[in-house]
Every structure is written in structure tokens, then in C-alpha cells.
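With the hints in hand, could you dock these two chains into one complex?
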Amino acid sequence: MWNSVGNRQDRGDFIYIPSTIPPQGGSGLKLMEARSRELLSRNGIEVPEGKEISQPEDLHDIAKDVVVKAQVPVGGRGKAGGIRFAKDLVEARALAADILKMEIGGFRVRSVLVVEKLDIARELYLSITVDREAGMPILMASADGGMEIESVRDERIFRDHINPLVGLQAYQLKNMQSVLGLEKALGQKVAGTAAKLYDAFKKEDAELLEINPLVVTASGALVAGDAKAIIDDDSLFRHPEYKDTEQDVTPLEKEAREKGISFVQLDGDIGVIANGAGLTMATLDALALTGGRGGTFLDLGGTDDPEKVKEAFRILKKAHPKVILMNIFGGITRCDTVAQGVHEVVKTEGAGAPVVARIKGWYEEKAREILKDAGMVTASTMEEAARIATKLAGGG
Amino acid sequence: MSIIVDRQTRVMVHGITGHQGTQHTRAMNEYGTRVVAGVTPGKAGTTVEGVPVFNSVADAIARLPAESRPNTSIIFVPAPYAKDSAYEAMAGGVRTVVIITEHIPVQDAMQLMAFADYKKAVVVGPNTPGVISPGEKAKVGIMPAAVFRPGRIGVISRSGTLTYEVVNSLSEAGIGQSSCIGLGGDPVVGTSFVEALDMFSADRETDAIVMVGEIGGSAEEAAAEHILSAHISKPVFAYIAGRTAPPGKRMGHAGAIVMRGRGTAESKVKALSAAGVTVARVPSEIPRLLKETRM
Numbered sequence: 001m002w003n004s005v006g007n008r009q010d011r012g013d014f015i016y017i018p019s020t021i022p023p024q025g026g027s028g029l030k031l032m033e034a035r036s037r038e039l040l041s042r043n044g045i046e047v048p049e050g051k052e053i054s055q056p057e058d059l060h061d062i063a064k065d066v067v068v069k070a071q072v073p074v075g076g077r078g079k080a081g082g083i084r085f086a087k088d089l090v091e092a093r094a095l096a097a098d099i100l101k102m103e104i105g106g107f108r109v110r111s112v113l114v115v116e117k118l119d120i121a122r123e124l125y126l127s128i129t130v131d132r133e134a135g136m137p138i139l140m141a142s143a144d145g146g147m148e149i150e151s152v153r154d155e156r157i158f159r160d161h162i163n164p165l166v167g168l169q170a171y172q173l174k175n176m177q178s179v180l181g182l183e184k185a186l187g188q189k190v191a192g193t194a195a196k197l198y199d200a201f202k203k204e205d206a207e208l209l210e211i212n213p214l215v216v217t218a219s220g221a222l223v224a225g226d227a228k229a230i231i232d233d234d235s236l237f238r239h240p241e242y243k244d245t246e247q248d249v250t251p252l253e254k255e256a257r258e259k260g261i262s263f264v265q266l267d268g269d270i271g272v273i274a275n276g277a278g279l280t281m282a283t284l285d286a287l288a289l290t291g292g293r294g295g296t297f298l299d300l301g302g303t304d305d306p307e308k309v310k311e312a313f314r315i316l317k318k319a320h321p322k323v324i325l326m327n328i329f330g331g332i333t334r335c336d337t338v339a340q341g342v343h344e345v346v347k348t349e350g351a352g353a354p355v356v357a358r359i360k361g362w363y364e365e366k367a368r369e370i371l372k373d374a375g376m377v378t379a380s381t382m383e384e385a386a387r388i389a390t391k392l393a394g395g396g
Numbered sequence: 001m002s003i004i005v006d007r008q009t010r011v012m013v014h015g016i017t018g019h020q021g022t023q024h025t026r027a028m029n030e031y032g033t034r035v036v037a038g039v040t041p042g043k044a045g046t047t048v049e050g051v052p053v054f055n056s057v058a059d060a061i062a063r064l065p066a067e068s069r070p071n072t073s074i075i076f077v078p079a080p081y082a083k084d085s086a087y088e089a090m091a092g093g094v095r096t097v098v099i100i101t102e103h104i105p106v107q108d109a110m111q112l113m114a115f116a117d118y119k120k121a122v123v124v125g126p127n128t129p130g131v132i133s134p135g136e137k138a139k140v141g142i143m144p145a146a147v148f149r150p151g152r153i154g155v156i157s158r159s160g161t162l163t164y165e166v167v168n169s170l171s172e173a174g175i176g177q178s179s180c181i182g183l184g185g186d187p188v189v190g191t192s193f194v195e196a197l198d199m200f201s202a203d204r205e206t207d208a209i210v211m212v213g214e215i216g217g218s219a220e221e222a223a224a225e226h227i228l229s230a231h232i233s234k235p236v237f238a239y240i241a242g243r244t245a246p247p248g249k250r251m252g253h254a255g256a257i258v259m260r261g262r263g264t265a266e267s268k269v270k271a272l273s274a275a276g277v278t279v280a281r282v283p284s285e286i287p288r289l290l291k292e293t294r295m
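Taken in sequence, the protein lines are chains H and S. Heads up: the first sequence runs through residues 1 to 396, numbered per my numbering. Heads up: the second sequence runs through residues 1 to 295, numbered per my numbering.
Only chain S is shown next, with the shape it has when bound in the complex (with noise of 0.2 Å):
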């Protein structure tokens, strides 16, 4: 098992003639992923990396046969197109999207986290490096396969870069991977910790869960409330980035008020701390914080 993505995941790229679409349809058959279809308009009938691009994904769905049907997409479009393509992942029965683009305006997000609340469908990102699912030889993703061992780990993040180094420190100490699930670095994204916490607490090959935050929104801080209101009882760890960064300026009073004081490291510190979650202080004390704890 895993979280997300697993060897029943049949992706749909969307994007895949562009340069990053192509590099990373590259990356994810290579790892072992099956990615089934491709969507550029104008493209049909053409193939890259393998895979049959189609116009739509209405095309797409209505050409391949029922076994090879995608299930799953990923949006490598530009942030102007980017909420369109989900929408019409989502509108053509895909129940997971995760959502590469940077620089989707935020009003966009809303709307399409909206959307996928009424289609029921799991969004991951956007600006997210994907979802990556070791022992299955799943990613539906632009990380670094390189850095990943399966193993019994779960890991939930918001960096790009600042998870390779953990995941990477991981597997230098001998801590394989269940899943890993990068959120996100936008303000309004659709997978959230808290989401990623249930999932990797159902999920039986999972033991333990790690979890790199930073600074800004109080994602971190409802992610600790909730491990105490859903009794989440798999140890967790976590590492929160810019403890010493100097505060945002906002303008106006409205975020004080959302926020209440929340956002802060030292607000996520003591929030996880209270929640029974071992705080790191630098990103290479996680492989041994694990170790101790579970002998």
C-alpha cells in the first residue's frame, strides 16, 4: 500500500508536448509508471515517450480501452490554462489531479479546489514536485526518483528542494519511503497535512510520518490540532523552515484577524509539540529522531 499513487495509477499528462511534459513522461515511465495518455490540443495522433496524445480528454476517454483509461492526471500547462485542464480532468470522471504549474492566480485555485470538492476528486499542489509512492513504482512527478527508497515512511511537505534533502537523508541512514507527498507551495492549495495525515494513518504500510512545514499560513498549526482530535497514533516528526526568517509585511488588518496570532514557527513548534509531534531543529536530526523512537 501507499498513499495516492500505487501500481493501479494510470496517468494522463497534461501538457505532454511542452518541454517539461515531455522531460518528466520521460522520468515517470523510466521509474515504472504507466502513463497512458497525453493531452495537447492540436496534437492528436502523435506520440511521445511512447504515449498516444490525444486532443481532449473527453478524446482520450472515449478512444482508450477501459483498462488503460487514466485515473489519475497531472498539469504541466501554463498557469493561464492550468484551471481549465483540471477542471476538465475532473469533469471527465479523473479522481486525482496533482497540479505542477506555478504562478496559477490564486482566485483560480479557489475555484478549482471548489470545483473538486463538488467532484469529490483529490487535488495535489499546485507548484508541487508530485507524489511519489517508492515500493510501488508509482510517481506522478518532477521529483528526483534518485533520492527515494521504499520503505515505512510517510512524508508530507511543503518545499520542493528542502524534501529531496530530507527524503535524501532519509535514505542515507537506511529510512526507506512508503509515500511522499509534496503540497504544495502556494497560499491555497488542495491536498493539506491534515488530509495527508488521515491518508497515511489508514495506510497499513505506513509507520511513521514525517513532516517539513515553514513559515506562513496555520496548515502546520491545524495539522497539530487535528493529530490530537482524530487521535492520529503513529508517531510523527516534523521540521518547520524559517524559525529565525524575519516576519511578512501584510498590509491591512483582515489577515491578523484569520491568523489570531497563528503562522509563526514558534506558533507551529509549540502547536506540534503539544500534539506529541517531535520538532527537528535541522533537517538531518530527522533520520536519527526516528531511529530513537523506534528502536
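Next up, chain H with everything else stripped away, as it sits in the complex (with noise of 0.2 Å):
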């Protein structure tokens, strides 16, 4: 098994399910609490009252209990100190000068929500996200909110699929109603907050908008306690203003995505690059069948252009690989224009390390020319080439 690196492992108030390494079709962009705060607010709902700040001269009155909270693109904020109660403006200030030196997860905290703490009476869940399988949102409700959400049996969670072309109708509030068992009042606040969520959904090109916990609070206002959103990364060319959302990526990655390359760092010795993030996944399978330890996932897509090629074997090294195993499969892509781009990288600035390369399909036998002409391994299927790496490496 090979795990990736860094903050990766840091879990926090973050919940891990599995996708594809990275999502292929966009990987979604997560938005800080401020900005997710912030879309919620501008779509209608209301939020508690506070401002996100950088430097803690900005603060000035502020009326009762605050909660102050780091800005960082990464869980596990509670665990590292980033989230910390004030009872007045002095305390608030110099927790916020603290937070603000802080570094959580590597990433600098920029800067801190100040945030009222609510007077919580009851916490409820919300949220609408994409449902892959029903190529559908699904709309989820839930009068037991909080961090336990996930172990609350399914029939207290309320879910129902918004057809795109139909929309949110009122029959399904009802019903939303019903399951929840509010008393009426409470229940049809909460039906209006879902229906502005789902507008807020669509409007904002969103993946996901989680409200948990949807605060009751002690006068009886719906407040949203916390939000996340995730916005689809395939809409920034209708919503410029998400462009430079900073994610939780390590610098390495985020230089690659820059120059529009699909990478990965992870745990291991072995840098992998491949073409299409299907075989690249299965290379590194192959390779830990052999004992190997993938170092990198990174996918070339589907260019033969040698300066592309070129940027990616240069990405490649700077995350000082071991090994460097290259599996390629020509199919629309000429096996022999990526194998040039790689002896023009390799001859002129070096690969830093062994390349062994697996190439095969349109041109191959030139490519495999080419390619032992820069003095790399060639092997002649994906398992041969993951053997060959994994014993260079000094594993298996």
C-alpha cells in the first residue's frame, strides 16, 4: 500500500471517502469556511454574525462570546489550535495574533474568522451534493446534526433526488418535513432554507453545500452553525471570482496543476508516470504487486507534445524519485514524438534517476530505440517494468 504524503493523512473535521487519484472530471474546489460562509450568506441564509480578518488590529467591536478560527485549506484546524473562544476584544485580539503565526497542516493561516458564538439549542443537518449513480443532486436532511451525522441510522436522514429540469418541488419539502418531525414552524424554516440551498447549489455550480450543524438557536433563528461548499472546478469559465481558491495541495502539486498536469505526490521511492489516469493507477498497482512503492502518480493525458512531455519529466524530478518507471500506451498518442520528448529532456538536463520504461503500441519500436539510445530500461509489459523498477529501488 502506498499512502500519500504530508497533510494528506491529517483528518480533522474532514471526512475521507475514496475517489479516483485525482478525480478525474474535475477535482472540485473546497472552499475555506469564510468563503463558503460567504456564499451561503449572499444566497440568502443566514449565517452568525462575524468577519474574516488577517491581522487582529481589524477586529474591533465586538458585542459577546466569539469564536476565533483559522483559515487553512485543510482539516484537523480544532485539533492543531486553530479554533479557539473569546469572551471580549482583548482575548479575541491576541488568540487571533496567535492564530495568525500559526502554520496548520503546512499552510500558513492568513487569516481568522471571528465568528459569535451561538446559543445552541438544537443542531440539525442539511446538504446537497451530486450523486454519481443517479446522475442526479440528492437533497439530505436530518434532525440530528453535529459530528455523529454519519452514524445516524437512515431512516432519520431524509434523502430525495431534484431532478435538474424539474427542480426542488414543494411535495418534496413536505416530505422532508414530515421525516424530520419538526414542530411546523421550525420544520417550514428549514424547508425555506433547503429550497435557497438548492438555488445557491445551482446558481454557484456547486458539488457540494453542507450545512452541519443547521443551529436552532436558544431564540428559535435557523442559523448555519458551519458550511462547507465544493465548487466544480469544469464552471470556472462561468464563475472567474473561484479561480485562485487556494487548495490543499503540496507546492509540487500545485506548480504541476499550474502548468496543467495531473500529479500526485505520494509516500514512496518510485516516481510513476503514465498515460490517462486509469493506466497510471494500474501501474501503480502493478508495482505494489512487485513490493515496489509508487513515488508519484502522474498522468501525461493524452499529448505527444515534447514540451509538455518535457514539464512533466521535469515535475517528475523534483520529487527525487529513486526510480523513475514509465509506462506509455500509444494509441492515439505516437509512442516514438513522447519517447523524443523524453531523450531531449533526459540528454539535455538528466533524469535524476534510473528511468525504466515500458512503451508500447503506435511506433513502438522506434520509441523503444529512442529510448535506449538515452540509455533508459525498456521492458516489454507493464509487469516486467514494475519488477525491473522495484529491484532498482532496492525493494521487493
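Please note: incorrect hints may appear among the correct ones.
Below are the BS3-like pairs computed for lysine-lysine, each with C-alpha atoms no more than 30 Å apart in a straight line [claimed, not checked]:
| no. | chain 1 | residue 1 | chain 2 | residue 2 |
| --- | --- | --- | --- | --- |
| 1 | H | Lys-322 | H | Lys-51 |
| 2 | H | Lys-202 | S | Lys-120 |
| 3 | H | Lys-174 | H | Lys-203 |
| 4 | H | Lys-203 | S | Lys-120 |
| 5 | H | Lys-308 | H | Lys-259 |
| 6 | S | Lys-119 | H | Lys-202 |
| 7 | H | Lys-202 | H | Lys-51 |
| 8 | H | Lys-243 | H | Lys-254 |
| 9 | H | Lys-203 | H | Lys-189 |
| 10 | S | Lys-137 | H | Lys-366 |
| 11 | H | Lys-196 | H | Lys-259 |
| 12 | H | Lys-254 | H | Lys-322 |
| 13 | S | Lys-270 | S | Lys-234 |
| 14 | S | Lys-119 | H | Lys-203 |
| 15 | H | Lys-64 | H | Lys-87 |
Hints were generated in silico from the structure; no laboratory data involved. Predicted, not measured: the structure shown is a model, and the values here were computed from it.
As C-alpha cells, then:
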């Protein structure tokens, strides 16, 4: 098994579910709490009073007890001491100053969110996300909100798909109210919030909008106690405002992303480069079967552009692998042009590590000659290449 | 026989004048597919690779004689306009739409799948290499024709290159394919494993089915349940990529509540094995497993 590096191991208030690595069809832009909260607020959903600040002096009048929360694109803030409570302005400023000096999960805290501490009477749950198997948004709600939501029994969670051409209908909200079993006035308020949440989901091109807890305050108001939002990164052409969203990626992953290369750093010592996400994963799996440990997931995609191949190798080198394992299946992509790009970068800049290459498909003989000429070890199958790479790395 | 595309397929290429559109129109023509029309607004009256270009689907249908009217669309237009092209094709009466375009926003994909349900159209993709039926000399997609051989195995895959890898290993072992369908790599796609299994199950020229899946989503688990409940009797083989991949990070609880433990390679392999599917450890194992089973 290979695990990914650094803060990916950090759990905190994030919940891990498996996805394609990296997820295909866009990885989704996770908004930090302050921006998620802003999103809800501008779509008419009530949020606690508060503001985001980047220096303690920006904090002025606070009326009551507040929570000071670090804004970082990773989970585990609470455990790291990035969420603290203050009684007055002086204390809040001091805490903000402390937290602003912190680094959490490899990310410097650039801002803190200071919000009123809610007087909580009850915690509910409300979310809309994409149910990929149904191909529709799914509305979920529960009267048992809070951190234990995942262990709430199925019958206590209302869930219904929303046909995107029909929209969220009144009967669905009535059904939701009956499952939640709240008193009528509160049930209607929750229904109103759900309707606003669906409008926001569409308008913002969200993949997830989650309010947990949806707080019922002692005075009976309904307020989003916390907010999580993921925006579809394939929708950026119509949402330029989300382009600069800071993401939970390593500096090298960020660099790769900016160059349009699909890349994930892992904790092994064999740099894996292949074309296509499925083939790259299959190569990592084949490597693991021989006892080797993948250090990178680098999907070259459908390109044979020598410049892009060179960029990919430069990224790979920066991950300092002991061995590089390259697996190319040339279908539409010509093997020899990919090989040419690799040859050039290795000849001029060096690969930094021995390269084991398996290249198969269109113009494969020519490609193999080019790679051999560049001093690489060539293999005829994925398994053979994996075995050689593992051996060279001293494992297996 | 075959599934989705065959000798009766008449293709309309949306975005035919673009680089990809032109290149793959040529490749589809060379393979023997009947490409009857292209659509690019403002380019009516021209031809691409001998194929007449029209401004709109409505124009193409009005101007072409009945015997060469398109019944299948392939979409290459850029992501921001792809949904509109798919709507236009389906509104024009096209019943099979193959969407090659990648990076289509998921909300657009969900809307066009709902419209496809309403129109009773079959959508393949988005972000798919397409569908090919080697024995029928029909290819509606971008896959490299050279790796496919006519035969009696149905292939269903979520990947691109990995599909070619698997198919190539089948072909090299002398095992040909009836049809091969790429489901597409996006979170929301049209045709799923379940529907493709039904199609291959009903196809008299398919003897066995190979599924190429990967981690993420629960399409493979759904397929496993379907194999049992629909009594799919043809042998099914599978390979799942990503067995050793680290878990992806998701924010919030909604994903976990929807998934309830499904989505991992482990969950997929377990579900498929329980449904009687033979699961290969590496892609190159598939031809051998097929040969052993088929005697």
C-alpha cells in the first residue's frame, strides 16, 4: 500500500471517502469556511455574525462571546489549536494574533474568521451534493445534526433526488418536514433554507453545499453553524471569481496543476509516469504487487507534445524519486514522439534517476530505440517494468 | 450484432471543423463508419473529409435524404457549448449521442442526462473514447482502431488508455471483441455498467463480458448487484484500477452518507466476486482467465 504525503494523513473535521486519484472530471474546489459562509449569506441563508480578518487590529467591536477560527484549506484545525474561544475584544485580538502566526498542515494561516458563539438549542443537518450514480443532485436532511451525522440511522435521514430539469418541488419539502418531525414553524423554516440551498447549488455550480450543524438557536432562529462548499472546477469558465481558491495541495502539486499536469505526490520512492488516469493507477497497482512503492502519480494525458512531456519530467525530477517508471500506451498518441520528448529532456537536463520504460502501441519499436539510445531500461510488459523498477529501488 | 453502433449507424459530427473533429472524422471514415453530416454554425456549404457541413442539426435533417439522415451524434465541441450541442442533437431526433468532450460542468451533465431520459436517448460519456464494434466496421469515437479485432467479447470500461491496454492484450491473445464501450471518466455519465451489461447480455454475438473499472463512485457495486438481480448468465470478468491508491479527500459528510462504505477497490472487488465475476489482479491476466473459463 502506498500512502500520500504530508497533510493528506491529517483527518480533523474532514471525512475521507475514496475517489479517483486525482478525481477525474475535475477535482472540485474546496472553499474555506469564510468563503463558504459568504456564499450561503449572499444566497439568503442566515450565518452567525462575524468577519474574516488578516490582522488583529482589524477586529473592532465584538458584542459577545466569539470563536476565532483559522482559515486553512485543510482539516484538523481544532486539534491543532486553530479554533479558540474568546470572551472579549482584548482576548479575541490576542488569540487572533496567536493563530495568525500558526502553520496548520503545512499551510500558513493567512486569515481568521471571528464569529459570534451561537446559543445552541438544537443541531440539524442539511446538504445537497451530486449523486453520481443517479446523475442528479441529492438533498439530505436530518434532525440529528452535528459531528455524529455519519452514524445516524438511515431512517433518520431524509434523502431525495432533485431532477435538475424540474427543480426542488413543494411535495419534496413536505416529505422532508415529515421525516424531520420538527414542530411546524421550525419545519417550514428548514424547508425555506433547503430551497435557498438548492438555488445556491445551481447558481454557484456547486458539487457540495453542506450545513452541519444547522443551528436552532435558543431564540428560535435558524443559523448555519458551519458551512462546507465545493465548487465544480470545470465551471470556472463561468465562475472566474473562484479561480484563485487556495487548495490543499503540495507546492509541487500546485506547480504541476498550473502547468496543466495531473500529478499527486505519494510517499514511495518510485516515480510513476503514465498516460491516462486509469493506466497510471494500474501501473501503481502493478508496482505494489512487486513490492515497490510509488512516489508519484503523474498522468501525462493524451499528449505527445514534446514540451509537455519535458515539463512532466521536470516535475517528476523535483519529487526526487530513486527510480522512474514510465508506462506509455500509445493509441492515438504516437509512442515515438513521446519518446523523443523524454529523450530530449534526459539528454539535456538528465533524468536524475534511472528510468525504466515500458512503451507499447503505435510506433513502439522506434520509441524503444530512442529510449535505449537515451540510456533507459526498456521492458515489454507493465509487470516486467514494475519488477525491474522495484529491484532498482532496492525493494521487493 | 453488437451494441450501440453497427452498420446501420449514420453519424453526425458536432464540431467537425475543429482539429479533433476533422482528424477523427477521417479516422472514422477510414474505419468504415458512415459519417453523413457535420455541424458547425456558420460553416454550412463546406465539406470536411467529404462530409457535408451544416449550420445546425435542423438544417442537416431537413436537407439530407431520408436514407442518409443521422441517427447518432458524436460531440467534439468545447465544454462550455457541449450541453447545447447534445440538446440540439436529441431535440432533432438523434437517439444515440456520444460525448467526447471533457471538462463539461457536472450540472450541465446532470441536465443533459435528464433530457436524455425524457427523449429516451442513449448518451455515452462525457469524457469517453466512444463506442466501437469491430465486426460491424463501426466506430463512433476516438479510440485507436488498430488494437481492436472482431470477435465475441464485450468490453465495458471507465478508462481510456487502460481500455486500449486491456483490449490490446485480448487481441494479441487472439480474442476479438463484439463491441467496446467507454463509459467516460466523469462523475456523471450517461450509459453505466448496468445498462451496458444488459445490452451485451441481450447481444447474441457476445459470449462474455469484460469490465474495466476504477475506484470512485459505486458504479461497479451497482453492476455487481445487477448481475445477480437481473440473472446475467454470460461470464463476466473485471479489472479494477486503483487497488493501492490512497483514499481521496472529501470535505463534509454528504459524500460518506451517500456512499455508505462503497467506492473503494476493496468494496468493488468484493461485490463483483460475490456476484460470480472473475476479478483479475493485473490487466494482462484477463486473456488467460477468459481462455480458462471458455475452455
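Cross-check of the supplied hints:
Restraint check for Lys-322 of chain H and Lys-51 of chain H: not satisfied, since their Cα atoms lie roughly 47 Å apart, outside the 30 Å limit. With a CA separation close to 25 Å, the supplied pair Lys-202 of chain H and Lys-120 of chain S stays within the 30 Å bound. In summary, the hint linking Lys-174 of chain H to Lys-203 of chain H is supported, as the alpha carbons are separated by about 23 Å, within the 30 Å threshold. For the hint linking Lys-203 of chain H to Lys-120 of chain S, the alpha-carbon distance of about 28 Å falls within 30 Å, and the restraint holds.
This hinted pair checks out: Lys-308 of chain H and Lys-259 of chain H have alpha carbons roughly 9 Å apart, not beyond 30 Å. For the given pair, Lys-119 of chain S sits about 23 Å from Lys-202 of chain H by alpha-carbon distance, which is consistent with the 30 Å threshold. A threshold of 30 Å between alpha carbons decides the hint, and for Lys-202 of chain H with Lys-51 of chain H the separation of about 26 Å falls inside it, so the pair holds. Only pairs whose Cα atoms come within 30 Å are accepted, and Lys-243 of chain H paired with Lys-254 of chain H is accepted, the gap being roughly 13 Å.
Simply put, Lys-203 of chain H and Lys-189 of chain H have alpha-carbon atoms about 21 Å apart, close enough for the 30 Å limit, and the pair holds. With a C-alpha separation of about 29 Å, the suggested pair Lys-137 of chain S and Lys-366 of chain H falls inside the 30 Å cut-off, and the hint holds. The suggested pairing of Lys-196 of chain H with Lys-259 of chain H is violated, with an alpha-carbon distance near 37 Å, which exceeds 30 Å. Distance check on the hinted pair: Lys-254 of chain H and Lys-322 of chain H sit about 22 Å apart at the alpha-carbon level, within 30 Å; holds.
Of the pairs offered as hints, the one joining Lys-270 of chain S and Lys-234 of chain S holds, with about 19 Å between alpha carbons and a cut-off of 30 Å not exceeded. This hinted pair checks out: Lys-119 of chain S and Lys-203 of chain H have alpha carbons roughly 25 Å apart, not beyond 30 Å. This hinted pair checks out: Lys-64 of chain H and Lys-87 of chain H have alpha carbons roughly 7 Å apart, not beyond 30 Å.
In summary, the structure is inconsistent with hints 1 and 11 from the numbered list given earlier, while agreeing with the others.
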